[in-house]
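Chemist: Got chain X; can you put chain H on it based on the hints?
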Amino acid sequence: MSNIDERLLEIRQDFPVLNRLVYGKPLVYLDNAATTQKPKCVISAISDYYLNYNSNIHRGVHRLSQEATDEYEKSRKIIKEFINAKNASEIIFTRGTTEGINLVANSFVRPRLNEGDEVLITYIEHHSNIVPWQIVCEETGAKLKVAPINDAGELVFEEFEKLLTEKVKFVSVVYVSNSLGTINPIEEIIKKAHSKGIPVLIDAAQAIQHIKIDVRALGCDFLAFSGHKIYGPTGIGVLYGKEEHLEKMRPYQGGGDMIKSVSFERTIYNDLPYKFEAGTPNIEGAIGLGKAIEYVDQIGFDFIVEHESQLLKYAHEKLSEIDGLKIIGTASRKASVVSFVLDNVHPHDVGTMLDVDGVAVRTGHHCTEPIMRRFGVPATTRASFAFYNTRQEIDILAQSIQKVIKMFS
Amino acid sequence: MEELKELYQQVILDHNKNPRNFGELPTCNRHAEGHNPLCGDQIEVFILVDEDTGKIEDVRFKGAGCAISKASASIMTTLLKGKTIEEAKELFEQFHKVVTSDPSSNPDIINLGKLAVFCGVREFPARVKCASLAWHTMLNALDNHTTTKVSTEQL
Chain X
5 MSNIDERLLE IRQDFPVLNR LVYGKPLVYL DNAATTQKPK CVISAISDYY LNYNSNIHRG
65 VHRLSQEATD EYEKSRKIIK EFINAKNASE IIFTRGTTEG INLVANSFVR PRLNEGDEVL
125 ITYIEHHSNI VPWQIVCEET GAKLKVAPIN DAGELVFEEF EKLLTEKVKF VSVVYVSNSL
185 GTINPIEEII KKAHSKGIPV LIDAAQAIQH IKIDVRALGC DFLAFSGHKI YGPTGIGVLY
245 GKEEHLEKMR PYQGGGDMIK SVSFERTIYN DLPYKFEAGT PNIEGAIGLG KAIEYVDQIG
305 FDFIVEHESQ LLKYAHEKLS EIDGLKIIGT ASRKASVVSF VLDNVHPHDV GTMLDVDGVA
365 VRTGHHCTEP IMRRFGVPAT TRASFAFYNT RQEIDILAQS IQKVIKMFS
Chain H
-19 MEELKELYQQ VILDHNKNPR NFGELPTCNR HAEGHNPLCG DQIEVFILVD EDTGKIEDVR
41 FKGAGCAISK ASASIMTTLL KGKTIEEAKE LFEQFHKVVT SDPSSNPDII NLGKLAVFCG
101 VREFPARVKC ASLAWHTMLN ALDNHTTTKV STEQL
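The listed protein sequences correspond, in order, to chains X and H.
The number in our numbering is simply the position in the first sequence, starting from 1, with 4 added.
Counting along the second sequence from 1, when you hit position 64 you're at 44 in our numbering, and nothing is skipped either side.
Calculated directly from the structure, the hints in this document are not laboratory data.
This one's a predicted model, so the numbers in the text were calculated from it and none came from an experiment.
Hints should not be assumed to be uniformly reliable.
Said to hold, decoys possible - Taking CB as the label site, the calculated pair distances span:
hint, chain 1, residue 1, chain 2, residue 2, range
1, X, Leu25, H, Ala44, 31 to 39 Å
2, X, Gly328, H, Gly62, 38 to 46 Å
3, X, Gly258, H, Pro6, 53 to 61 Å
4, H, Asp(-6), X, Glu85, 54 to 62 Å
5, H, Glu103, X, Ile47, 23 to 31 Å
All residues carry an ideal CB built from backbone N, CA and C; glycine is no exception.
Okay, chain X solo, but in the shape it has when bound (with noise of 0.2 Å):
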């Protein structure tokens, strides 16, 4: 056994879910870009938090509170650590990714935006970094830019520097496409729109829980992630917003927690990052999540990429070999993420039967239907690997794909 199976079982201990059966077969979770599983240790932070300190935060003056509250400002702190920011007031708890660029779009956008400026993303972005452009802009009277892509699903560069005209007052890209795997370019892209004097968001939802992320290196002016894709609970996410930005932001949401004082003739908003947590949080998600992203940073970047692009290769290949199976996507710089399509066989059908022997993929067209009418296709069915994943499960996945393939010929 290699080194690398070594520690790869051991990781597997981590994770409870990864044992069971799926119609008595084992499960082969490859739906890791629509969700992570839990490690045990997350899983106990929350039922910790819930068996032995749960209170509110933040406003009580006895010991659960104070715990729950240490807890809670403990997880900002790591999350700070972890993507470099400069201060922990700048790592703002939200739902998740959604919810951050939608803060955004309302609270730093909107107010800058006048008829016939201009919001550029680029054409593989997830739905939830479309529509909060699309109702700014309406609201507005702003337009919205997509800078194209090539066969392979890349960014065309050229054409991102030419929508980069002075009409644009903001520019919101994904990190990592979800449907595709493509990685990109975000520090030309932060560069280029920067010498421009334009403010740049990154959705690293799915980047994350791939590439080591230094907010500070980039100089990106925000970036949203969620936990749930970084082996955390769902329900909780992160906004990174840079201080001088947040700092002359409206607020997002009213409610408590967000404010100094109030009275019916004034209120006072809390500082950072108070002022745009409104509201009880999710005080079980943020533990949780600061406790995954101390497990990841165990598990380490060096093992992780290294792993992941083993497996991306090693999916390409096997899956190449497969007879009627195109794969759609494919940049040079992927994330550990394989969609493809199947001759005459539907992607649910190929999803439903996929299932049957224990593995788990997504079909249907990933929350990006641009990309879907790009490519010519209804939907894909999406392989998508962590760091727990094996070649094995892939050979298993190979193998259930030729039983599909024998069955509708």
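Modeler: Then chain H, alone, in the frame of chain X:
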């Protein structure tokens, strides 16, 4: 249930490959479009009703979708010809019961006739909408004399 699964597979695979009554029906006097926004399945159902007898003289469908939605539409068209509008609606009710009933309940296969094939769909709740799209579109066509659109998300 194993036999049922087999039956489901054979019949559905056959209708997927060789859909019956596939194409447009220019002489139709009932027509509706169906759409499943979650998976992008699109279907059109064309029905010719004899206004004197109230019977369905001809029915055709076209569209793109998975094997289950295509086969379901195909099987539906073979069951509808010669039926009155009332009988077609009863058939819809029966179909609906079959695909939404508890998978552990024992279906009355003999009385279900061709609808028995849909028992297999109950095993995969995520696929019920695929099977239902054509049927809801048919119902919508019968209820409306003009072209209408139906979405699985409004059902």
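Chemist: Could you work out which earlier hints the structure fails to respect and list their numbers in ascending sequence?
Modeler: Violated: none.
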